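Number of protein chains: 2
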Amino acid sequence: MEITTKFRIDKPANVVFEAIADPEKMGNYWFSSGTDRIEQGKTITWRYDEYNAEGKIKVLEVEENKKIVFSWGEEGQETVVTITLEEADSASTIIKVTESGFQEDHPELVHILVDQKGGWVYMLSCLKAYLENGVHTLRASLIH
Amino acid sequence: MEITTKFRIDKPANVVFEAIADPEKMGNYWFSSGTDRIEQGKTITWRYDEYNAEGKIKVLEVEENKKIVFSWGEEGQETVVTITLEEADSASTIIKVTESGFQEDHPELVHILVDQKGGWVYMLSCLKAYLENGVHTLRASLIH
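Protein sequences appear in the order of chains A and B. The first sequence begins at 110 in this note's numbering and counts up one residue at a time. The second sequence begins at 110 in this note's numbering and counts up one residue at a time.
Since the hints were derived computationally from the structure, they do not count as laboratory data. Watch out, some of these pointers could steer you wrong.
Copies of the same chain look alike in the list, so a pair counts if it works inside one copy or between any two.
What the hints assert, rightly or not - Derived pair list, reagent style BS3-like, types lysine-lysine, alpha-carbon separation capped at 30 Å:
#1 Lys134 with Lys120
#2 Lys176 with Lys205
#3 Lys205 with Lys151
#4 Lys175 with Lys120
#5 Lys115 with Lys134
#6 Lys115 with Lys205
Since the model is a prediction, treat every value here as computed from it, not as a measurement.
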């Protein structure tokens, strides 16, 4: 069981990659802050001030401008997130996010999948609006 | 089985209501066009040019600036969408979208719920960016 979300962002792949890897840029469209830049092997804490939440990610694999793989989630319930960037042309990138490793027998599995899907579509919408339009106020408005 | 999505939009409820009811405004953040304004009792066709798709909605209930209820979907598989607007203060509205009536025994139920959740989060993100920031290029970038 996995969920995949694909988006077109009208920016080159290196610009999209930097927006994800650099925690200061991330603060404009997703988590408020991160303790470190995304680099292979690092464990990073991401904080979401508005929801008073934070969590650790373990960066499993990085291919500059192409791929970021990390695991996150509560101990024993970690999932793996794979983000790939494919440059459609010099001005446009297809970003694909796949989250996998959900516990198939979890009693709330359907709600978890639905929530995660909503989260990824929101993150990608905010990322696109930030990169293409300089909007940094779209985040933190989904009410749980 | 139903899915609910709630968003805060920093505009008064009448502005949010008009953006949904008026098909010309809708074209900036959701479907490309609609054959008519949303009014109780009407059947309207919404068209999505980029996905070469269109569908009919039946408007079941309208409360000016407060509520829109419609059904949509293929015959025999219609679901009901209830949109409510609650003014948090004069400058801010909580919009809640609930889609219900999914066929519980549909073999693709989980995928349908996950896709619909993604669709609603996307629609609400685009609506917010349109109303707050004048962005009308966020739509039609989710790749199926």
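### Message
Regarding Lys134 and Lys120, is the shortest C-alpha distance of 30 Å or less found within a copy, between copies, in both, or in neither?
### Response
Result: close both inside a copy and across copies, 15 Å intra and 26 Å inter.
### Query
When no copy is named, should Lys115 and Lys205 be tagged within, between, both, or neither for a Cα gap of at most 30 Å?
Cα proximity of Lys115 and Lys205: in one copy and across copies (4 Å, 25 Å).
### Lys205 and Lys151: within-copy, between-copy, both or neither at 30 Å Cα
For Lys205 and Lys151, the Cα distance is within 30 Å only inside one copy (22 Å; across copies 39 Å).
### Query
Between the shortest in-copy and the shortest cross-copy C-alpha distance, which are at most 30 Å for Lys115 and Lys134: within, between, both, or neither?
both (21 Å within a copy, 26 Å between copies)
### Within, between, both or neither, where Lys175 and Lys120 count as close if Cα-Cα is 30 Å or less
within (14 Å within a copy, 38 Å between copies)
### Homo-oligomer pair classification [Lys205, Lys176; C-alpha up to 30 Å]
within (10 Å within a copy, 35 Å between copies)
In summary, this structure violates none of the numbered hints.
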